[in-house]
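Protein chains in written order, with UniProt numbering: chain A, 1 to 466; chain B, 1 to 457.
Note that these hints are calculated values from the structure, not bench results.
In this text the structure is predicted, and so the values were computed from the model without any measurement.
The reader is advised that the hints may include incorrect statements.
With a Cα cut of at most 27 Å, we get these calculated BS3-like pairs of lysine-lysine [to be verified]:
hint, chain 1, residue 1, chain 2, residue 2
1, A, 40, B, 262
2, A, 129, B, 262
3, B, 270, B, 316
4, A, 324, A, 209
5, B, 270, A, 260
6, A, 272, A, 40
7, A, 324, A, 260
8, B, 274, B, 262
9, A, 324, A, 272
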Amino acid sequence: MIEDDTARRVIQAALSRGGDYADIFAEHREGYNLRLEEAKIEENTTGSEIGAGIRVIMGESVAYAYTNDLSEDSLLETARVAASAVRGGEKAPINLEQKWNMLPVLGEHPIEINLEDFAREDKIALLQKADEAARSAGNEVVQVIAALGDSRQQIFLANSLDEIVLDNRVRVRMVVQVVAAREGEVQIGYEAPGALGGYEMFKRFPPEKLGHDAAAMAITMLDARPAPSGPMAVVIGNGTGGVLFHEACGHSLEADAIHKHASVFEGKIGRKVANSIVSAYDDATLENRWGSFNYDDEGVRAQRTPLIEEGMLHNFINDLKRSKRDQVAPSGNGRRQSYRHVAIPRMTNTFIAAGEAKPHEIIADTPLGIYAKKLGGGEVNPVTGDFIFSIVEGYMIRQGKMAEPVKGATLVGNGPRVLQDIDAIADDIDFDTGMCGKDGQSVPVCTGQPTLRVRELVVGGTAEVV
Amino acid sequence: MAAEYNLQDLARNWVERGRSMAGAGTQLEIFIQEHRGLTVTAYNEEIEGLRYSHNRGVGIRAISEGRLGYAYCTSLDWSDVSRAIEEASANARYSTPDEHNILPGYSDYAQAGLDIYDAEARDMPVDRKVEMALQLEGLTCAADSRIAQVESAVYADTISTVGIANSAGVSGSYRSSDCYCYVSPIAKQGDESQSGFSFDQGIKPSNLDLSKVAKDAADRAVCLLGAASTPSARSTLILDTFVAAEFIAILASALSAEAVLKGRSFLAGKVGEKIANEMVTLIDDGLLKGGPSTAPFDDEGVPSQRKELISSGILKGYMHDSYTAARSGTSSTGNAQRGSFRDRPHVGPSNMYLKPGSGGREDILRRVGDGVLILQVVGAHAGANPVNGEISLGALGLKIEGGRPVQPLREITLAGTALEFLRDVVAIGDDLNFMPFAGSLGAPTVAVENVMIAGRG
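Extracted from the complex, chain A is given alone in its bound form:
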């Protein structure tokens, strides 16, 4: 995308007024998006983007400039605009003869079926199969929306530390949303698998099963009774339940939140923040996971970062700028939505590690509580960790047995408090995919966890107090 010599001259222009660090991030992204609604293909779009962003860091000041025009003249002008944010600095010496340190090109995430080897009609057929399966799951199904997206992103990064990094990321994701209705009652079900990989993903997630499962969830919830309210034990299902840790704890572990004094975890490294059965990781190396990569968007190698081990807080999630300020090693979490955005600390695949219990044992050991199989949207106050989440698929647990489905339930609690109150963890870890939004940027992430129990959470329902 960019010649090595050009990169050197661009970095030189970026640091022409001084600065601590400069880099250039270029990408070529090709994507395809399909959406089926009311059994009709509503959206059918191919996109191809090339662009480069140049960053200059001076103390706390960050200048960022980007362009779609990768000619050397354009890149040099873009670099000079970025440099104009630096005031009172001195021109940094750049040796134009210095050799680049080319980091090895990695391919840790194998692809079986490449995007271009899977025909358009086959992609459309995936959506139609999901649609048909959902519609045949029951007469209650009134609406099915199925969307498919694939993308290939090639990145090039060169920085003032003389490194050049290349990475290639191929991703596929499908979202199926089903609305079911009966006698004025309306419920929604969904499935949304994704992978850093190719179309082989649908061997693990056949579209018929996705459509059927999403419909089954919506139909089941039509029978739900209003949830009770009050404090009670809550068993959170594997996979999607991980969104609670992601939102209520994960964001507070990001170093930019720490530096803004907007996190309950500030100053807690090395201290006990969770029950000792709790360990949690952020791991961008997990093979073919939706939130994985070989290198992050600042050229740092993907890694497994222990956040909490046996209840003790070990690390924050950082990027280059924040790791330098904290004088710790970069954790490989500098991510960006595209060349149009500045890298900031972001989660990748974040999860609570598996325990030893069996899921059915945890249910059997719970006399009365709620089983939150799927969590929906939530809101978190990052400063205090207070959260509210909706349960989109939930069941009562009575006398250690799964009982009737419940609707309209919310979970109200506090992230750090929940970490202390997790009192059982099963061995059935699973992951769910999502797009995580922060500071106007959206990046692919996985949330994960095994089935686990929180001793007590406040359930906000519409029925009587238990």
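Guided by the hints, dock chain B onto chain A, whose structure is given.
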């Protein structure tokens, strides 16, 4: 930098070449956009951030027997564009037919007198723009001794060039510049802090009145110091121009024919009905001189126009693009909008505003006598529902007695429906102001009677 190229000629040329590739049965549209933007943020007398963007790209719509395909690319080389045309045509072959997918035909465009571009926005050196952000911060801090901090002081501008052509005869281009600045100071007194906000906008940097913005923002923060809640009661609300413009956003969503056709508008089926006090006239004017969203044509090449959507309280019609117009058996109102070349057009407002009445804010306060002046609302996105028109928002403001502010208010909520608000308008001022962010929405000060205000105490 790349030489100045004529986007209109480029678009027309690509349509011709693309048509010979895709076949005469395929309708083609080429939309080219080039966009340069600068944003400078000052904080603590330093430049906290500088963002510069040079965005360009081509969006291609291909329609074949009612089947629509879309593709885009950021390259302006024919080899890449021709590949994107092939992709769009291939995508069209696999889409579901819909006879209402059509492209508009040839039109003449008004170019003179729109007042949408000034070369000063392009020619002023970046260093001068950086100084403007720093100056805005300094002026705001100096405006009042109770201003403890400035959260952010921003100078920003964008220069856009658009070129469009289609196989039905559309061909046009224009260039526009848009400059703005805003500041959000924090006023402190004891343990209490209150934030304020103000902005200015124009087609060139020298349009921006930094001193006025600094003073207005500081006043807005300082006047809230000492705020307390108030017992719940029905009251007359006087909506500040910024707040009134946020309410216009709810109407803008509901007046989209796309929302109406999808059953997502509380204004569906109400054309010809009286839905508002007769003082209320709501205008969408894509030709408004110097307006932030003014352009000779919309994002699919239909000439911009001025129309009254609500006229003396009567709902006259909805905003349309070519698709919704075809489905509804009417003509496009020139309201096709796209986020960028990456998106195909959807219905959206151009410059939408409430027609000014008479008198400034002071005058309206005197006329109302007792009430609550609302200066800020919280949760406008979550708390205002354009589907059913329900509104429930947190607010900050000033209690008004005898036409004068007597007590700052916080922890209050206001609730009602958009239709109740429209019906109960009792005064509209002459101080029309446009809001910078969610498009270009404007309103003067508006008074609404009999609104439920909930509070504590």
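Outcome of the hint check:
no.	hint	result
1	A:40 / B:262	holds, 15 Å
2	A:129 / B:262	holds, 25 Å
3	B:270 / B:316	holds, 9 Å
4	A:324 / A:209	violated, 47 Å
5	B:270 / A:260	violated, 49 Å
6	A:272 / A:40	violated, 54 Å
7	A:324 / A:260	holds, 16 Å
8	B:274 / B:262	holds, 23 Å
9	A:324 / A:272	holds, 25 Å
Of the hints listed earlier, those the structure fails to meet are numbers 4, 5, 6, in rising order.
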